[in-house]
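Kindly produce the complete structure, drawing on both the sequences and the hints.
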Amino acid sequence: MTDPVMEVESFRSESAARVLLGRIERLLKRAGATTDKPVALMEVCGTHTVAISRFGLRSLLPGSLRLLSGPGCPVCVTPLIEIDRSIAAAETPGTIVATFGDMMRVPGSRSSLESARTDGADIRIVYSPMDSLQMARENPGREIVFLGVGFETTSPTIAATILAAEREGLGNFSILPFFKTVPEALDMLAAIPDRPLEGFICPGHASVIIGADAYEPVACNRDMPCVVVGFEPLDILSGIEALLQQVAAIRTGQGHARVEVRYKRAVTSTGNIAAQELLREVFQPCDAEWRGIGVIPGSGHDLSERYRRFDARERLSLDVAQPIEQPGCVCGEIMLGRKLPTDCPLFGEACTPRRPVGPCMVSTEGSCAAFYKYER
Amino acid sequence: MCLAVPGRVTSIESGIAKVDFGGISQEANLTLVPEAKVGDYVLVHAGFAIQRLDEAEAEETLRLFQELAEAADREERERRRR
Ligand code: SF4
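Protein chains in written order, with the working numbering: chain F, 1 to 376; chain D, 1001 to 1082.
Derived by calculation from the structure, the hints in this document are not laboratory data.
Given the structure is predicted, the values throughout are model-derived calculations rather than measurements.
Below are the DSBU-like pairs computed for lysine-lysine, each with C-alpha atoms no more than 30 Å apart in a straight line:
no., chain 1, residue 1, chain 2, residue 2
1, F, Lys-339, F, Lys-37
2, F, Lys-373, F, Lys-37
3, F, Lys-29, F, Lys-339
4, D, Lys-1037, F, Lys-264
5, D, Lys-1018, D, Lys-1037
6, D, Lys-1018, F, Lys-264
Per label pair, the in silico range of CB-to-CB distance:
no., chain 1, residue 1, chain 2, residue 2, range
7, F, Glu-281, D, Glu-1078, 56 to 66 Å
8, F, Ala-321, D, Glu-1060, 53 to 63 Å
9, D, Glu-1078, F, Ala-191, 48 to 58 Å
10, F, Lys-29, D, Glu-1067, 17 to 27 Å
11, D, Arg-1063, F, Ile-273, 24 to 34 Å
Using N, Cα and C, we set each Cβ at its ideal position, and we do this for glycine too.
Pasting the structure below:
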């Protein structure tokens, strides 16, 4: 018997893909989409961006459909000043900075964590935030600063780590919080006047935590179709089909936007309640700056009063100068759905994964990096 | 960054599961999925299980995709015969 969870080949059947592509084409016709007036959908999650590029889905889909990459790579949306602050933390004598590997090469104003490490700063890559607690135990005389980057997929794992540090009474562990939340960003994108998109391919794994109901306000108040989608090719095509059903109905005046789940093996309407409780316990909502986009109200997590002492900004003096953005990078407009990476004059010339100018070229999940690798 | 990988829980000891990812075994913290049992499929992200996967839903999705594939193959065969 095939294993329904692990057997990825079954989610990649070419024959099934052909049927879905046929349906997608018919729905686009029904919606009146043409190459000049395409339907634009946005995949908000960097993991989707990579999957779409890697499986070559864009080239299989009709020209009357445009897939845009949203602000769904947490590394790409971390503001420059926070990269500079992380480097300042690493350069503070006696500290060790622990981070997920994706952060290493992001260019700050003057250097990156990677070049700071080459210059002697103690920066260590971890797979799990829990690994940094082990570091704290082994280095009692030093401060371990974990870089708290991520959406709701990741933030609960860091909340759990903070609770573990508290239980153990570890006094030399702290974090720099750059967390972002997905629904608030979608609401901002859906509220743009003359918005350039007609539906969201909602992130699969952030939705595991927050639950599909979290998108109800965006779907209902902004009349924006929201479909939660998995990461295999058939999952993605089936999600696009569901979105186009809604778009066609809306365009022909026969329906309104709603939330749908096409990744039911992982995502429920209410999400992971234990993880949500942990988030509420350790964090509190705050306004957050998204690189290239600006401040989105209520779209971040700060440490709550009770856990404030785990904030590295309270423990180290990390004053940094006003950051300098690289001129010419259009990451912000790409993440807002107004441009594709290939519209950037620096793409593939001055800006490549080896020598990235903007953050979207650094992280493997950045839209420019995915385009460079698979669709050039 | 939000990549989570499915695997099967093979043993649990004081809140830490051993998870088998198609032959490769790794540990995962169960704080976020305290109800997970041996034999369950879980999604693992950054060293934590973040969700129990619903096997019945996985089978249902797979069945729908298989039906699509079979329908397409039948159509193709008929087209060739004509
Ligand atoms: S190609 Fe480079 S400079 Fe241009 S938008 Fe992408 S990351 Fe920014």
